[in-house]
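*Asks:* Sequence:
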Amino acid sequence: MSEAKAVLSIAASLAASAMLIGSIANDFLPTEVQDYWYSSLHFVSQYLSSRITIVIEEFLGLTINQVFEATHLYLGDRTTTNSAKRLRVGKSEKEKTFRTTLDRYEEMVDVFEEVTLKWKLICTQVPLLVEYINPDLEDHNASLRSEVRHYELSFHKKHTDTVLNLYLPHVLKKAKAVKEDCNTVKLHTVLRNCWDANNVVLKHAMTFKDLTLDSELKKMIIKDLDIFRNGKEYYRRVGRVWKRGYLLFGPPGTGKSNLIASMANHLKFDIYHLDLTDIQFSSDLQFLLLTMPSRSMLVIEDNDCSVELQNRES
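Sequential numbering of the sequence shown, starting at 1, is according to my numbering.
There could be a bad hint or two in this list.
Unchecked claim - Once the Cα atoms are required to be at most 20 Å apart in a straight line, the calculated DMTMM-like pairs of lysine to aspartate or glutamate come out as: (1) K243 to D270; (2) K176 to E57; (3) K186 to E301; (4) K186 to E69; (5) K268 to E152; (6) K120 to E69.
Claimed, not checked - Per label pair, the in silico range of CB-to-CB distance: (7) R192 to L60: 17 to 25 Å; (8) P169 to K256: 35 to 43 Å; (9) D196 to D161: 37 to 45 Å; (10) K243 to F281: 17 to 25 Å; (11) V111 to G239: 41 to 49 Å; (12) K203 to I300: 19 to 27 Å; (13) K173 to R237: 19 to 27 Å; (14) M220 to W242: 36 to 44 Å; (15) P169 to D278: 19 to 27 Å; (16) R244 to F281: 25 to 33 Å; (17) T254 to V55: 44 to 52 Å.
What the hints contain is simulated information worked out from the structure, not anything from laboratory work. Model, not experiment: these values are computed from the prediction. Cβ atoms here follow ideal geometry from the backbone N, Cα and C, with glycine treated the same way.
Generate the whole structure from the sequences, applying the supplied hints.
*Replies:* In C-alpha coordinates:
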(Lines of atoms letter the chains of each structure in order from A and count residues from 1; the text may use other names and numbers.)
(Lines give C-alpha, C1' and ligand atoms only; values in the text may rest on other atoms or scores of the structure.)
Protein backbone atom coordinates (compact mmCIF):
# COMPACT_ATOMS: atom_id res chain seq x y z
CA MET A 1 0.00 0.00 0.00
CA SER A 2 2.86 2.35 0.88
CA GLU A 3 4.53 1.57 -2.46
CA ALA A 4 1.36 2.51 -4.34
CA LYS A 5 1.17 5.81 -2.45
CA ALA A 6 4.81 6.50 -3.29
CA VAL A 7 4.19 5.87 -7.00
CA LEU A 8 1.16 8.16 -6.99
CA SER A 9 3.14 10.83 -5.16
CA ILE A 10 5.96 10.69 -7.73
CA ALA A 11 3.49 10.79 -10.63
CA ALA A 12 1.74 13.82 -9.13
CA SER A 13 5.08 15.59 -8.62
CA LEU A 14 6.12 14.92 -12.21
CA ALA A 15 2.79 16.17 -13.52
CA ALA A 16 3.04 19.35 -11.46
CA SER A 17 6.63 19.89 -12.62
CA ALA A 18 5.62 19.41 -16.25
CA MET A 19 2.80 21.94 -15.86
CA LEU A 20 5.18 24.43 -14.22
CA ILE A 21 7.81 23.99 -16.94
CA GLY A 22 5.14 24.33 -19.62
CA SER A 23 3.89 27.57 -18.05
CA ILE A 24 7.42 29.00 -17.85
CA ALA A 25 8.13 27.96 -21.44
CA ASN A 26 5.00 29.69 -22.70
CA ASP A 27 5.85 32.90 -20.82
CA PHE A 28 9.59 33.30 -21.40
CA LEU A 29 10.86 31.10 -24.25
CA PRO A 30 10.73 32.05 -27.96
CA THR A 31 8.28 30.16 -30.18
CA GLU A 32 11.09 28.26 -31.93
CA VAL A 33 12.46 27.01 -28.61
CA GLN A 34 8.95 26.04 -27.45
CA ASP A 35 8.38 24.03 -30.63
CA TYR A 36 11.69 22.23 -30.15
CA TRP A 37 10.89 21.55 -26.48
CA TYR A 38 7.45 20.12 -27.16
CA SER A 39 8.63 18.06 -30.12
CA SER A 40 11.40 16.60 -27.96
CA LEU A 41 8.92 15.73 -25.21
CA HIS A 42 6.65 14.11 -27.79
CA PHE A 43 9.56 12.08 -29.17
CA VAL A 44 10.60 10.88 -25.71
CA SER A 45 7.04 9.94 -24.76
CA GLN A 46 6.60 8.04 -28.01
CA TYR A 47 9.93 6.26 -27.50
CA LEU A 48 9.02 5.18 -23.98
CA SER A 49 5.47 4.19 -24.88
CA SER A 50 4.62 0.53 -25.33
CA ARG A 51 1.96 1.34 -27.93
CA ILE A 52 2.26 1.84 -31.66
CA THR A 53 -0.05 3.74 -34.01
CA ILE A 54 -0.75 2.96 -37.67
CA VAL A 55 -2.02 5.81 -39.83
CA ILE A 56 -4.40 4.85 -42.66
CA GLU A 57 -4.88 7.77 -45.05
CA GLU A 58 -7.77 8.04 -47.49
CA PHE A 59 -5.53 8.36 -50.54
CA LEU A 60 -2.26 6.81 -51.67
CA GLY A 61 -0.96 9.48 -53.99
CA LEU A 62 -3.68 9.79 -56.63
CA THR A 63 -5.45 6.53 -55.85
CA ILE A 64 -7.96 5.63 -53.16
CA ASN A 65 -6.51 3.64 -50.27
CA GLN A 66 -8.27 0.27 -50.23
CA VAL A 67 -7.52 -0.17 -46.53
CA PHE A 68 -9.23 3.15 -45.70
CA GLU A 69 -12.36 2.18 -47.63
CA ALA A 70 -12.43 -1.24 -45.98
CA THR A 71 -11.96 0.32 -42.54
CA HIS A 72 -14.85 2.71 -43.17
CA LEU A 73 -17.18 -0.20 -44.02
CA TYR A 74 -15.87 -2.48 -41.28
CA LEU A 75 -16.21 0.04 -38.46
CA GLY A 76 -19.56 1.24 -39.76
CA ASP A 77 -20.85 -2.31 -39.50
CA ARG A 78 -19.60 -2.63 -35.91
CA THR A 79 -20.49 0.75 -34.44
CA THR A 80 -23.88 -0.32 -33.07
CA THR A 81 -22.35 -3.15 -31.04
CA ASN A 82 -19.18 -1.45 -29.87
CA SER A 83 -17.80 1.25 -27.63
CA ALA A 84 -18.27 4.34 -29.80
CA LYS A 85 -20.13 7.20 -28.11
CA ARG A 86 -20.76 9.47 -31.13
CA LEU A 87 -22.07 8.04 -34.39
CA ARG A 88 -23.19 9.51 -37.68
CA VAL A 89 -26.40 7.96 -39.00
CA GLY A 90 -27.88 8.33 -42.46
CA LYS A 91 -30.35 6.67 -44.79
CA SER A 92 -31.46 7.37 -48.33
CA GLU A 93 -34.95 6.70 -49.66
CA LYS A 94 -33.97 3.46 -51.37
CA GLU A 95 -31.85 1.99 -48.58
CA LYS A 96 -33.57 -0.45 -46.24
CA THR A 97 -31.30 0.04 -43.23
CA PHE A 98 -29.47 2.90 -41.57
CA ARG A 99 -25.85 3.59 -42.41
CA THR A 100 -23.70 4.25 -39.35
CA THR A 101 -20.15 5.57 -39.25
CA LEU A 102 -17.86 7.03 -36.64
CA ASP A 103 -18.16 10.74 -36.05
CA ARG A 104 -15.10 12.93 -36.46
CA TYR A 105 -12.42 12.33 -33.79
CA GLU A 106 -14.49 9.55 -32.25
CA GLU A 107 -12.72 6.49 -30.83
CA MET A 108 -13.81 2.88 -30.96
CA VAL A 109 -12.31 -0.23 -29.37
CA ASP A 110 -12.17 -3.52 -31.24
CA VAL A 111 -10.95 -6.90 -30.01
CA PHE A 112 -9.38 -9.49 -32.32
CA GLU A 113 -7.95 -12.76 -31.01
CA GLU A 114 -7.66 -11.27 -27.51
CA VAL A 115 -5.80 -8.24 -28.87
CA THR A 116 -7.31 -4.87 -27.94
CA LEU A 117 -7.18 -2.27 -30.71
CA LYS A 118 -8.29 1.35 -30.65
CA TRP A 119 -9.56 3.12 -33.78
CA LYS A 120 -9.90 6.88 -34.20
CA LEU A 121 -11.18 8.91 -37.17
CA ILE A 122 -9.25 12.13 -37.76
CA CYS A 123 -10.69 14.81 -40.08
CA THR A 124 -8.99 18.06 -41.01
CA GLN A 125 -11.31 20.61 -42.58
CA VAL A 126 -10.10 22.37 -45.72
CA PRO A 127 -12.18 25.54 -46.25
CA LEU A 128 -13.66 25.99 -49.70
CA LEU A 129 -13.16 29.07 -51.77
CA VAL A 130 -16.23 31.31 -51.79
CA GLU A 131 -16.72 31.03 -55.54
CA TYR A 132 -17.12 27.25 -55.25
CA ILE A 133 -20.03 27.44 -52.80
CA ASN A 134 -23.40 27.30 -54.50
CA PRO A 135 -26.02 29.12 -52.38
CA ASP A 136 -28.79 27.16 -54.09
CA LEU A 137 -27.54 23.79 -52.83
CA GLU A 138 -30.00 21.96 -50.60
CA ASP A 139 -27.12 20.63 -48.51
CA HIS A 140 -26.32 23.47 -46.12
CA ASN A 141 -23.15 21.66 -45.00
CA ALA A 142 -21.66 22.00 -48.49
CA SER A 143 -19.10 24.52 -47.27
CA LEU A 144 -17.68 21.85 -44.93
CA ARG A 145 -17.44 19.00 -47.40
CA SER A 146 -13.77 19.35 -48.25
CA GLU A 147 -11.66 17.58 -45.65
CA VAL A 148 -8.63 15.36 -45.30
CA ARG A 149 -9.43 12.13 -43.48
CA HIS A 150 -7.42 9.32 -41.98
CA TYR A 151 -7.85 6.57 -39.41
CA GLU A 152 -5.45 5.91 -36.55
CA LEU A 153 -5.13 2.35 -35.27
CA SER A 154 -3.22 1.99 -31.98
CA PHE A 155 -2.25 -1.16 -30.09
CA HIS A 156 0.54 -2.68 -28.02
CA LYS A 157 3.70 -2.97 -30.10
CA LYS A 158 4.09 -6.67 -29.28
CA HIS A 159 1.01 -7.35 -31.43
CA THR A 160 2.38 -5.69 -34.58
CA ASP A 161 2.74 -8.94 -36.52
CA THR A 162 -0.78 -10.03 -35.58
CA VAL A 163 -2.25 -6.72 -36.71
CA LEU A 164 -0.41 -6.58 -40.04
CA ASN A 165 -0.68 -10.24 -40.99
CA LEU A 166 -4.05 -11.24 -39.51
CA TYR A 167 -6.18 -8.33 -38.34
CA LEU A 168 -5.97 -6.01 -41.35
CA PRO A 169 -6.66 -8.88 -43.81
CA HIS A 170 -9.63 -9.72 -41.56
CA VAL A 171 -10.86 -6.12 -41.91
CA LEU A 172 -10.57 -6.32 -45.72
CA LYS A 173 -12.47 -9.61 -45.83
CA LYS A 174 -15.29 -8.39 -43.58
CA ALA A 175 -15.60 -5.13 -45.50
CA LYS A 176 -15.95 -7.03 -48.77
CA ALA A 177 -18.78 -9.08 -47.28
CA VAL A 178 -20.52 -5.92 -46.02
CA LYS A 179 -20.27 -4.34 -49.46
CA GLU A 180 -21.66 -7.43 -51.17
CA ASP A 181 -24.60 -7.55 -48.75
CA CYS A 182 -25.47 -3.97 -49.61
CA ASN A 183 -27.61 -4.18 -52.75
CA THR A 184 -27.74 -0.44 -53.38
CA VAL A 185 -25.93 1.11 -56.33
CA LYS A 186 -24.56 4.61 -55.75
CA LEU A 187 -24.13 7.47 -58.18
CA HIS A 188 -20.97 9.58 -57.95
CA THR A 189 -20.50 12.96 -59.59
CA VAL A 190 -17.63 15.41 -59.98
CA LEU A 191 -17.23 18.33 -57.59
CA ARG A 192 -14.34 20.73 -58.16
CA ASN A 193 -12.40 18.24 -60.31
CA CYS A 194 -12.74 15.49 -57.67
CA TRP A 195 -15.28 12.76 -57.05
CA ASP A 196 -17.80 14.10 -54.57
CA ALA A 197 -17.57 12.11 -51.33
CA ASN A 198 -21.30 12.66 -50.77
CA ASN A 199 -22.66 10.10 -53.21
CA VAL A 200 -26.35 9.36 -53.69
CA VAL A 201 -28.16 6.07 -54.02
CA LEU A 202 -29.22 5.36 -57.59
CA LYS A 203 -33.01 5.49 -57.63
CA HIS A 204 -33.30 4.07 -61.14
CA ALA A 205 -35.09 0.74 -60.69
CA MET A 206 -34.58 -0.49 -64.27
CA THR A 207 -33.26 -4.05 -64.64
CA PHE A 208 -32.67 -6.31 -67.63
CA LYS A 209 -35.92 -8.06 -66.77
CA ASP A 210 -37.89 -4.87 -67.42
CA LEU A 211 -35.68 -3.45 -70.20
CA THR A 212 -37.28 -3.23 -73.62
CA LEU A 213 -34.63 -4.80 -75.83
CA ASP A 214 -34.28 -7.62 -78.33
CA SER A 215 -34.16 -10.81 -76.26
CA GLU A 216 -31.11 -12.25 -78.02
CA LEU A 217 -29.20 -8.98 -77.71
CA LYS A 218 -30.17 -8.79 -74.05
CA LYS A 219 -28.87 -12.31 -73.40
CA MET A 220 -25.63 -11.49 -75.20
CA ILE A 221 -25.05 -8.38 -73.09
CA ILE A 222 -25.81 -10.19 -69.82
CA LYS A 223 -23.46 -13.04 -70.75
CA ASP A 224 -20.72 -10.59 -71.69
CA LEU A 225 -21.12 -8.73 -68.39
CA ASP A 226 -20.99 -11.95 -66.37
CA ILE A 227 -17.85 -13.12 -68.16
CA PHE A 228 -16.20 -9.78 -67.51
CA ARG A 229 -17.23 -9.62 -63.84
CA ASN A 230 -15.83 -13.09 -63.14
CA GLY A 231 -12.77 -12.75 -65.38
CA LYS A 232 -10.48 -10.49 -63.38
CA GLU A 233 -7.94 -13.26 -62.82
CA TYR A 234 -7.97 -14.12 -66.55
CA TYR A 235 -7.25 -10.49 -67.48
CA ARG A 236 -4.34 -10.51 -65.04
CA ARG A 237 -2.88 -13.71 -66.48
CA VAL A 238 -2.92 -12.43 -70.06
CA GLY A 239 -1.52 -9.06 -69.03
CA ARG A 240 -4.55 -6.94 -69.87
CA VAL A 241 -6.27 -4.21 -67.88
CA TRP A 242 -9.53 -5.45 -66.33
CA LYS A 243 -11.98 -3.16 -68.09
CA ARG A 244 -14.81 -3.37 -70.59
CA GLY A 245 -16.18 -0.60 -72.78
CA TYR A 246 -19.56 -0.01 -74.44
CA LEU A 247 -20.37 2.79 -76.87
CA LEU A 248 -24.01 3.91 -76.66
CA PHE A 249 -25.23 6.20 -79.41
CA GLY A 250 -28.64 7.63 -80.14
CA PRO A 251 -30.92 10.62 -79.66
CA PRO A 252 -32.54 11.35 -76.27
CA GLY A 253 -35.28 8.92 -75.28
CA THR A 254 -33.86 5.84 -77.00
CA GLY A 255 -33.08 3.99 -73.74
CA LYS A 256 -29.39 4.69 -73.12
CA SER A 257 -29.95 5.61 -69.45
CA ASN A 258 -32.18 2.56 -68.95
CA LEU A 259 -29.47 0.28 -70.32
CA ILE A 260 -26.81 1.88 -68.09
CA ALA A 261 -29.03 1.49 -65.01
CA SER A 262 -29.75 -2.15 -65.93
CA MET A 263 -26.04 -2.88 -66.27
CA ALA A 264 -25.21 -1.21 -62.94
CA ASN A 265 -28.01 -3.01 -61.09
CA HIS A 266 -26.93 -6.32 -62.63
CA LEU A 267 -23.25 -5.92 -61.76
CA LYS A 268 -23.87 -4.11 -58.44
CA PHE A 269 -21.23 -1.60 -59.51
CA ASP A 270 -21.41 2.06 -58.51
CA ILE A 271 -21.78 4.58 -61.34
CA TYR A 272 -19.27 7.40 -61.77
CA HIS A 273 -20.75 10.08 -64.02
CA LEU A 274 -18.32 12.26 -65.95
CA ASP A 275 -19.09 15.10 -68.36
CA LEU A 276 -15.92 15.82 -70.32
CA THR A 277 -17.09 19.33 -71.16
CA ASP A 278 -16.51 20.21 -67.49
CA ILE A 279 -12.87 19.05 -67.61
CA GLN A 280 -10.38 21.76 -68.55
CA PHE A 281 -7.04 20.01 -68.14
CA SER A 282 -5.86 16.50 -68.97
CA SER A 283 -4.29 16.26 -65.51
CA ASP A 284 -7.77 16.65 -63.96
CA LEU A 285 -9.09 13.81 -66.12
CA GLN A 286 -6.13 11.63 -65.19
CA PHE A 287 -6.74 12.30 -61.49
CA LEU A 288 -10.42 11.33 -61.77
CA LEU A 289 -9.61 8.10 -63.59
CA LEU A 290 -6.89 7.11 -61.14
CA THR A 291 -9.06 7.75 -58.08
CA MET A 292 -11.90 5.56 -59.29
CA PRO A 293 -12.12 2.32 -57.31
CA SER A 294 -12.21 -1.11 -58.88
CA ARG A 295 -15.59 -2.70 -59.65
CA SER A 296 -17.22 0.52 -60.81
CA MET A 297 -18.84 1.91 -63.96
CA LEU A 298 -17.60 5.09 -65.61
CA VAL A 299 -20.29 6.83 -67.68
CA ILE A 300 -18.86 9.51 -69.96
CA GLU A 301 -21.54 11.97 -71.05
CA ASP A 302 -21.57 13.41 -74.59
CA ASN A 303 -18.16 12.02 -75.48
CA ASP A 304 -18.47 13.18 -79.09
CA CYS A 305 -19.14 16.78 -78.04
CA SER A 306 -15.89 17.03 -76.10
CA VAL A 307 -13.66 16.63 -79.14
CA GLU A 308 -13.01 19.64 -81.32
CA LEU A 309 -12.88 18.37 -84.89
CA GLN A 310 -10.48 20.10 -87.22
CA ASN A 311 -10.49 20.33 -91.00
CA ARG A 312 -7.88 17.87 -92.25
CA GLU A 313 -7.15 20.04 -95.25
CA SER A 314 -6.17 23.06 -93.12
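*Asks:* So does T254 sit 44 to 52 Å from V55, Cβ to Cβ?
*Replies:* Cβ of T254 to Cβ of V55: about 50 Å, so the range 44 to 52 Å holds.
*Asks:* Does the hinted range 36 to 44 Å hold for M220 and W242 at CB?
*Replies:* violated (20 Å)
*Asks:* Has the given pair, K268 with E152, been kept, meaning a C-alpha gap of at most 20 Å?
*Replies:* violated (30 Å)
*Asks:* Look at the Cβ atoms of R244 and F281 and judge whether their distance stays inside 25 to 33 Å.
*Replies:* holds (27 Å)
*Asks:* At the C-beta level, are P169 and K256 separated by a distance inside 35 to 43 Å?
*Replies:* At roughly 41 Å between Cβ atoms, K256 and P169 fall inside 35 to 43 Å, so the hint holds.
*Asks:* Should the hint that R192 and L60 are 17 to 25 Å apart at their CB atoms be regarded as holding?
*Replies:* holds (21 Å)
*Asks:* Does the structure keep K176 and E57 at a Cα separation of 20 Å or less?
*Replies:* Roughly 19 Å between the alpha carbons, so the hint for K176 and E57 holds.
*Asks:* Within 37 to 45 Å: is that where the Cβ-Cβ distance between D196 and D161 falls?
*Replies:* Holds, at about 39 Å.
*Asks:* Could you tell me whether the CB distance from K243 to F281 stays inside 17 to 25 Å?
*Replies:* holds (23 Å)
*Asks:* Starting from the range 41 to 49 Å, see whether the pair V111 and G239 falls in it by beta-carbon distance.
*Replies:* holds (43 Å)
*Asks:* Please check whether K173 and R237 have a Cβ separation lying inside 19 to 27 Å.
*Replies:* Since the Cβ atoms of K173 and R237 sit about 23 Å apart, the hinted range of 19 to 27 Å holds.
*Asks:* Given a hint of 19 to 27 Å, does the C-beta separation of P169 and D278 actually sit inside it?
*Replies:* violated (39 Å)
Violated hints, in rising order: 5, 14, 15; the structure is consistent with all others.
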